[in-house]
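J.: Given next are the chains, with one letter for each unit.
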Amino acid sequence: MLDKRVGSAAEAIAGLRDGATILLGGFGTPGYPARLMDAVVASGMGDLTVVSNNGGANGSGLIKLISTGRVRRLICSFPQTAGATEFQEAYAAGKVMVELVPQGIISERMRCAAAGLGGFLSPVGVGTRLAEGKQVQNVNGRDYVLELPLKGDLALVRADRADRWGNLTYRKTARNFNPVMASAAAVTAVEVREMVDLGALDAEAVATPGIFVDRVLVTG
Amino acid sequence: MLDKRVGSAAEAIAGLRDGATILLGGFGTPGYPARLMDAVVASGMGDLTVVSNNGGANGSGLIKLISTGRVRRLICSFPQTAGATEFQEAYAAGKVMVELVPQGIISERMRCAAAGLGGFLSPVGVGTRLAEGKQVQNVNGRDYVLELPLKGDLALVRADRADRWGNLTYRKTARNFNPVMASAAAVTAVEVREMVDLGALDAEAVATPGIFVDRVLVTG
Amino acid sequence: MKPLSRNAMAWRAAQDLYEGMYVNLGIGVPVMVPPYIPAGREVILHSENGMLGFTGLGKDEVVDPDLVNAAKEPVRLLPGGVFFDHATSFTMIRGGHIDVALLGAFEVSERGDIANWTVDDPGRAPGVGGAMDLAVGAREVRVIMEHTTREGEPRLRKTCRYPLTAAGVVKRIYTSLAVLDVADGVLVVREILEGMTFDDIVQRTEAALRLAPDCRPLRTPIA
Amino acid sequence: MKPLSRNAMAWRAAQDLYEGMYVNLGIGVPVMVPPYIPAGREVILHSENGMLGFTGLGKDEVVDPDLVNAAKEPVRLLPGGVFFDHATSFTMIRGGHIDVALLGAFEVSERGDIANWTVDDPGRAPGVGGAMDLAVGAREVRVIMEHTTREGEPRLRKTCRYPLTAAGVVKRIYTSLAVLDVADGVLVVREILEGMTFDDIVQRTEAALRLAPDCRPLRTPIA
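Going line by line, the protein sequences match chains A, B, C and D. Per the numbering used here, the very first residue in the first sequence carries number 156; after that it's consecutive. Per the numbering used here, the very first residue in the second sequence carries number 156; after that it's consecutive. Per the numbering used here, the very first residue in the third sequence carries number 34; after that it's consecutive. Per the numbering used here, the very first residue in the fourth sequence carries number 34; after that it's consecutive.
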């Protein structure tokens with residue numbers, strides 16, 4: 156019987172190694188997989204590349220990793236959280252290198268990897284500092300930046316409900332980056348509020364089909 | 156009050172002109188917008204480019220258009236329907252030019268247009284006849300074909316339920332090409348089985364948000 | 034004359050949003066717009082984190098931590114509102130499906146260039162968010178910003194001094210003193226804060242200006 | 034010896050599908066596979082029109098015209114089965130999320146090239162469907178086909194005569210006479226139809242062959 160449930164957060168992130176690339180779901184707090192990230196902190200792994208829209212705040216696992224210098228590179232669109240100082244301090248202290256990518260291009264680069272494509276031509280950022288060093292291609296008279304796929308070794312995802320095949324539903328704006336990240340990593344670990352029987356999820360409303368999911372941890 | 160309902164199929168396709176590009180939903184019969192296509196037949200418009208996975212059969216609006224020479228170019232992956240002869244006869248008689256595109260590349264090219272991108276690098280068809288004449292690019296040691304966006308003037312979509320904002324749900328495998336086509340045309344006309352009150356559709360299960368939809372016809 | 038407050042600027046920008054428009058509101062003053070959209074107009078708001086069809090939360094409404102806008106503030110979903118993932122959200126943004134993006138900015142040039150993502154402070158990590166996607170992808174880009182910096186320097190420039198978000202994309206600017214449209218390398222002044230003159234605006238602006246023949250007084254019902 | 038029937042070939046291919054595999058079945062013999070998957074193995078079938086987790090329809094089951102597989106035949110969704118759109122479906126296919134694609138073919142070469150989309154009949158419009166996406170994107174491509182044409186010509190070739198679907202992608206071939214694996218420009222014969230010899234296979238094959246040391250008889254419980 157196919158059952159993707161795991162018993163602990165440590166088991167969910169098993170295989171994580173120094174130097175890995177982690178795709179980390181969430182937009183601020185909604186959809187952020189707090190328990191899985193705590194397990195990453197506990198794992199001791201470092202030299203990580205983390206793809207996350209934000210830089211973490213308020214004592215989260217991500218900000219702990221960053222503050223202790225274990226994130227070599229943060230690929231994000233908006234690292235700073237309003238009202239929080241921890242990221243700014245770690246950044247000013249040189250503890251993390253930031254690769255700033257426009258928000259829609261982060262998700263599109265991950266989708267590109269998920270969909271098995273070799274890159275895409277983006278109109279975003281053309282002629283700006285964020286396109287420096289990237290190849291520019293002209294198609295039908297318009298300039299585009301060639302953006303390359305962004306694939307993770309491990310995706311950490313927060314969902315609402317799952318079944319044992321790994322089908323997922325999300326809750327409101329906690330969906331955000333999670334579906335695209337789930338589809339763009341070699342291993343996808345998910346924490347969910349609730350596990351339901353196979354067949355209990357609406358087949359029309361599953362936002363992440365189980366094919367993209369490897370391990371599911373129920374955290375409540 | 157924003158209300159995308161229209162009273163007739165003719166109104167739903169209003170503005171269609173000779174030479175237009177139509178994105179036509181459906182995979183065989185499921186999800187094929189029969190009433191809207193009948194209106195295209197009745198409109199008398201020709202010199203059309205039609206993007207459709209199949210070439211139509213069994214007296215459908217599409218096969219009528221093709222048989223009467225009104226489709227200049229059919230962009231499809233699998234024109235022939237098992238057991239049907241009408242398409243084959245029209246093709247052998249030179250009534251339609253076929254641009255054969257791998258099935259996943261048809262939808263990806265439409266998604267590319269929908270997402271405002273300039274093209275994408277595809278591993279599909281590299282070195283085969285279907286890539287002849289297309290630009291090949293090597294990225295990180297692998298060859299890709301540069302595929303360009305495919306945008307419609309009019310998308311014809313079949314959905315299950317809609318609300319007055321144009322939010323759509325589909326039914327089972329009748330979903331197929333419809334969501335990507337709905338998002339990739341200048342004007343999107345939809346026929347639905349049923350209209351429901353605003354707020355009656357599950358906000359987590361709407362497969363096509365109303366932003367992609369212009370006109371909704373209830374056909375039952 | 035006292036310049037318009039942030040609320041008053043939000044009010045003014047809201048008046049130009051019409052029935053059936055799909056509108057994205059950037060962080061800063063733009064996210065303050067919803068309560069000022071004239072009653073009865075169904076303007077459908079888009080939030081890049083993955084939502085269409087919401088409005089601000091009323092005073093006594095319950096906060097749902099999983100229901101936030103791009104500024105991570107709690108909001109309320111309207112009937113007909115829907116959720117989707119981030120890739121779909123930016124398909125809407127880049128693909129020309131958003132009618133109007135209302136953005137904050139540091140500076141706008143007379144050619145409609147916008148700079149709103151970094152002030153180049155070497156000690157601070159910059160943040161771009163969805164600004165570049167919105168600036169390039171929305172059908173129309175409008176900016177809400179103070180007319181000048183706290184130090185009194187013009188934000189409407191011949192050329193932006195800060196790194197660009199996108200070039201030549203801004204159509205209309207709502208400032209604390211005026212409403213201006215970008216037209217062929219010059220900003221056309223459509224409305225001037227009641228009690229001020231065109232010369233007052235010229236003195237506070239570096240960009241080339243032209244007075245619209247039908248320029249009207251800029252009045253808001255809130256301070 | 035009578036070659037395996039289409040059903041028997043489908044049966045043989047089904048035996049190599051294991052618990053938890055995501056498998057796409059092409060039109061032709063592959064879509065006949067579901068009833069032969071050993072009971073109790075949860076193999077999750079993918080259909081490129083936008084569905085995961087289904088099986089063939091039983092004799093007395095009601096047909097739902099909106100519930101079809103890639104061959105447009107009615108099927109039954111299993112508990113846990115889901116629907117999605119076409120772009121998502123091919124994300125699964127091209128992105129390496131499908132463990133096994135079982136495809137029909139006209140010819141396969143000794144290097145694992147596959148030709149399955151056109152026989153170059155100038156009077157007939159060719160059809161490619163999802164074959165090229167599947168051939169390039171699935172983690173493993175397996176082919177089910179008759180060992181020879183109706184005229185007795187080998188379908189396992191040194192080089193395919195028909196236009197290619199993809200080069201060097203096929204890993205295993207189930208024919209009506211044998212099971213073969215592609216290995217460095219030679220086809221390794223793993224199983225030979227019971228009652229036939231390696232020489233019998235050699236005579237009916239153009240591709241370079243090698244007999245596996247542990248080659249077994251190919252037996253099926255159905256005719």
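There may be inaccurate statements among the hints.
What follows is a list of derived Cβ distance ranges for each label pair [to be verified]:
{"hint": "1", "chain 1": "B", "residue 1": "K289", "chain 2": "A", "residue 2": "A248", "range": "21 to 29 Å"}
{"hint": "2", "chain 1": "D", "residue 1": "A216", "chain 2": "C", "residue 2": "R172", "range": "50 to 58 Å"}
{"hint": "3", "chain 1": "A", "residue 1": "R172", "chain 2": "B", "residue 2": "D298", "range": "27 to 35 Å"}
{"hint": "4", "chain 1": "A", "residue 1": "A247", "chain 2": "D", "residue 2": "E52", "range": "25 to 33 Å"}
{"hint": "5", "chain 1": "B", "residue 1": "G282", "chain 2": "A", "residue 2": "N295", "range": "33 to 41 Å"}
{"hint": "6", "chain 1": "A", "residue 1": "G288", "chain 2": "C", "residue 2": "Y195", "range": "18 to 26 Å"}
{"hint": "7", "chain 1": "A", "residue 1": "E254", "chain 2": "C", "residue 2": "P71", "range": "28 to 36 Å"}
{"hint": "8", "chain 1": "D", "residue 1": "R109", "chain 2": "B", "residue 2": "G288", "range": "38 to 46 Å"}
{"hint": "9", "chain 1": "B", "residue 1": "N213", "chain 2": "D", "residue 2": "G129", "range": "51 to 59 Å"}
{"hint": "10", "chain 1": "B", "residue 1": "G214", "chain 2": "A", "residue 2": "G288", "range": "51 to 59 Å"}
Think of the hints as simulated: they come from the structure by calculation, not from any bench. All figures in this text were calculated on a predicted structure; none of them were measured in a lab. For each residue, glycine too, the CB sits at the ideal point set by N, CA and C.
J.: Does each hint fit the structure? Answer for all of them.
T.: Taking the hints in turn, this is what the structure says about them:
no.: 1; hint: B:K289 - A:A248: 21 to 29 Å; result: 50 Å, violated
no.: 2; hint: D:A216 - C:R172: 50 to 58 Å; result: 56 Å, holds
no.: 3; hint: A:R172 - B:D298: 27 to 35 Å; result: 31 Å, holds
no.: 4; hint: A:A247 - D:E52: 25 to 33 Å; result: 52 Å, violated
no.: 5; hint: B:G282 - A:N295: 33 to 41 Å; result: 25 Å, violated
no.: 6; hint: A:G288 - C:Y195: 18 to 26 Å; result: 20 Å, holds
no.: 7; hint: A:E254 - C:P71: 28 to 36 Å; result: 43 Å, violated
no.: 8; hint: D:R109 - B:G288: 38 to 46 Å; result: 43 Å, holds
no.: 9; hint: B:N213 - D:G129: 51 to 59 Å; result: 37 Å, violated
no.: 10; hint: B:G214 - A:G288: 51 to 59 Å; result: 57 Å, holds
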